[in-house]
Amino acid sequence: MKTSTITKPNKSKNAWLFGWSVKEIRHGQLWPITLSLSLIIACVFALSALAERIEQVVVKQGKDALTADLVFQSSNPLPLSLEEIIETEPVTTGRVTSFATMAFSDSEMQLVSVKAVESRYPLRGQMRLATLAGEVNRVSKNQLWLDSRLLTQLDTEIGETLAIGDAEFVITGTIAEEPGLSFNPFQQMPTVLIHYSDIEQTGAIQIGSRVRYQLFINGDPTSLDNLKQHVELTASERWKDTDTASRTSDVFNNTTQYLSLSVAIVILMASATLILTCQSYVASRRTTVAMLKSLGATKQWLKRWVIMQMGILLTVSTVAGYSSGLLLEYLLRLPLSGVLPEELPSFGFLPYLLSLLTCVLIAIPALGIPLLNLLNIGAAQAMQPASTLSISRRYLGLIAVPIVPLITYYATNQLVWMLLGGLVGLIALLAAMSLVVTKVFEKMPLSPPYKLALNRIHRTPVMTGLQYSALGLSLMLIATLWLVRTDLLQDWQKTLPSNSANAFSLNISEQEKDRYLAELDTNGIERSPAFPIIRGRLTDINGMDAKEYSGSEDKSDALRRELNFTWANTLPDYNPVLEGEWGKEKGVSVESQVAQDLGIKIGDTLAFTISAQRIEAKVNSIREVEWREMKPNFYFIFTPDLMEGHMASYLVSFRVEAENEVLLSQLSRQFPTVSLMDIREMGSKIESLLRQFVWAVTLLASLGGVAGLLLIFTLLQLSITQRQDELRLYRTLGATNKFIKSTIWAEYGLMALVAGLVACLGAELVVGGIMKFGFELPTTWHVWLWLALPLVAFCTLLAVVGSLVKTLLTPVNKAIA
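The opening position of the sequence shown corresponds to residue 1 in the UniProt record's numbering, with each subsequent residue numbered one higher.
It is worth saying that the hints were derived from the structure and are not from the lab.
Treat the hints with care, since some could be wrong.
To be verified - Restricting the straight-line Cα-Cα distance to at most 25 Å, the calculated cross-link-like pairs of lysine-lysine (DSS-like) are:
{"no.": "1", "residue 1": "K584", "residue 2": "K547"}
{"no.": "2", "residue 1": "K631", "residue 2": "K584"}
{"no.": "3", "residue 1": "K586", "residue 2": "K601"}
From just these sequences and the hints, can you work out the full model?
Rendered as C-alpha cells:
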C-alpha cells in the first residue's frame, strides 16, 4: 500500500507554499517575531548611525576647538629644541603669545588679556572679526581687535585710538567669534587681539611677567609624534591635543553610555520575545508537522516551508527596521540640531550592515534551535502531548553564534556586564522566592481557587520559577531604564540650578571690594561671598616633592600648573566636609578628588609656594566639590593666619536678570579694573543641551518600555495557552467559568505581586551599581518604585490576561457543547 504524498503542480507549487506560509505567519501568532526583529534592527541602526556621525563631528570640532592638531604650551619662550625640529618636519605652525596688560582710552582703563597671533592663526576652526565694512578672519600687522564689551567699558568706538601698554593702536573692529574659546572665571578677561609682530612695541612683557607661549601645529600623526618624542618637557611645558584639551563633557559621556545601555536592554528583551514566540509556535505546530509527515511530507519540503516563513519575516522586519531606524535616528538627532553642524557627515554603510548582522546573529539560535527540533519530529509523535517536545543538545551550540561576538564587542563595557550580572542574580532570586512564597501560602487558609492555583504552581516548580523570572526580568529591565534616566536627569539638573550664578567679577582690589559688594547689595543682586584669590603651587607633601610623593604629575591637574588659592574663616556651605574638621590656625582644606589622586590624608603637612614664599599647612579637612555648579570652587582653602601680609584680588559670583543690563554697564564704568564676565549665553546653551539630552534618553527609554511590554505580552500569552488542556479538564469535571477565571487570576495575581517586588529589588541593585561604578554618581533608593512597579505589573496582567482568558475559554465552551 503506497503512502500518499503532498504534491502540487510545479507552476503553482512555490506560489501555493508562499501563500500557505503567509497564512501560517498570520494564524500562528508570529507577528511578535517581526516586531522584535524590527526593534533590534531599528535600535542598533539608529544608535550606530548617530554615533558614527557624532564621532566624526566631535573629532572635527575637537580639533577646531583646539584650533590645531597639536598645541605646545609653556610659560617660557619656545625651547630651541622645538624650534629646530619644526624646521625639519612637514608641519604648519602658528604662534600665539598671551599676556595681561592695561588698555587705556581717553577716559577709561581696563585690565585685558592680550593675544598676539600670527596671520596663519587659527590653523583650524573659525575666527570672525567684525569691522564697519564687513567681516575678516585673520589678524594683520598694526591691527587691534577688541571684545565687544570693551567698547562700552572703555567708552570708545571703532576707529578711535587705544593704548595697549606703551603702544597705541587704532581700533580695527570687534571679535565676533573666537576659536577655541573656553570658560575659566579665574583666567579669562576681556580679550584683545594684536599681530604677533606687534608684541615688542607694547613693552608689556618684562622680566617676571606672566606670559603664556603657544605653538599651534598641523601635520600628519607621524610628524606630530616625532615632535613629541624630540622635545623633553619641563614643569611649565605641556602638549595638548584633542584627547587632553577637548574632552567630551560628563553629560555627553553619560548620555552616550545610557544610549548604549538602552540598546543593549532592548536587544535583550527583543531576543527573549523571539525565543518565547518561536517556542509557542513550535508547540502549537508540533502535531501539524507530525501529521504532514504521516501524509508523506518530506523533511526537505518542510524545511522549505519553514525557511520561506522565516525569509518572509526577516524581509518584512528588515524593511520595517530600516525605515523605523532612519526615523529614530532623525528623532534622536533632531534636538541636537543646535549643537551639530547643519551639514552632517554621512554615516555610510556600516550601520546597515551592523544592525542586520546583529539581527541575524540573534535570530540564528532564537529561531533556529526550536525550528530545527520541530523539523525532527517523527510521524509517530502526532498523538503525543505537545509538552513532550524535547530539545536536541546538538543544536545548543548555535547559542554561541551571537554570544561570542557580543562578548567581544562589550568586553570593556562595564555597564553591560553589571546588567548581565544583575539578570543572572535576579533569575536565581525570583525562582527561589517563587517557591518559598508557594510553600508559605500553602499553609494558609485560602479559598478553593487559590488552593488550586497554588497546587498548579507547586506541581511545576521549575516552569513556575522560569515564568516568574521572565516576568520579573521584563519589569526589572523597564525599571532599570527609567531609574537610570531619572537619576541622570536629576544629576544633570544640578549642573545648572534655576538660581545658579550667571556672572563673575574678578580682579576686585582690596580698596574696591567693599564699594563693589555694596553696589550689588543695594541693587538686590543675589551673590556669593567675596573670595580672596592668590596664585601658587603645591610643592611638597610630608617633606617630599609632591610629584615624587604621588608618583607622577599626571596623577592630578593640581601638580601641572599654578592654582588659585583662597582663605576664609569658614568653608563654603556648598562644600560638605567628608573628613576632619575645619580649624582656625595653620590649616588647609583639600578637595576630595585631589586628596584621593595624591594620597593626601588628614594631618598631612603640605608645602606651597606663593609669591616666592614657602607656606606650610596641615590638612584639617577634606571637602566634596561639585565642579559643574556655577559657583566659586577651589582645590585648597587656607586658614586666614597663613595668608597675613599677602596681597590678593577678590572674586564674587552673582545672578543677574535681563532687567540688570544697565547695572552691568554701570559696574564696568565705575570699576574699570574689575573684569566682569557675563556667562548667561553659556548657561543658556548648557540648559538647551540638557533639554536635548532629556529628549534622547526619554525616546530610548520609551523604546525599551515597548520592548518590555511586548516581552510581557508574549510571556503571558505562552503561559496561559499552556493552561488550555488543563482548563478543559476542569470544565469537564463541572467547573464554572467563574471558578476557572478565579484560579487564573489567583495564580497570575500572585505572580504579579512577587515578580513586581523582586524586580524592584533587582532594579535598585543594578541601577545602584550602574550609577556608582558606571557613571560615578551617588546612588539613591526610589521609594515610589516599590509602589509603582507592582501596580504596573497588575495593570499589564489585567489588560493582557483579561483578553487572553476570554479567548481561551471560548474553545473550552465549544468542546463541552
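Comparing the hints with the structure gives:
1. K584 - K547: Not OK: K584 and K547 at ~28 Å, beyond 25 Å, violated.
2. K631 - K584: holds (24 Å)
3. K586 - K601: holds (16 Å)
In terms of the numbered hints stated before, the structure departs from hint 1 and from no other.
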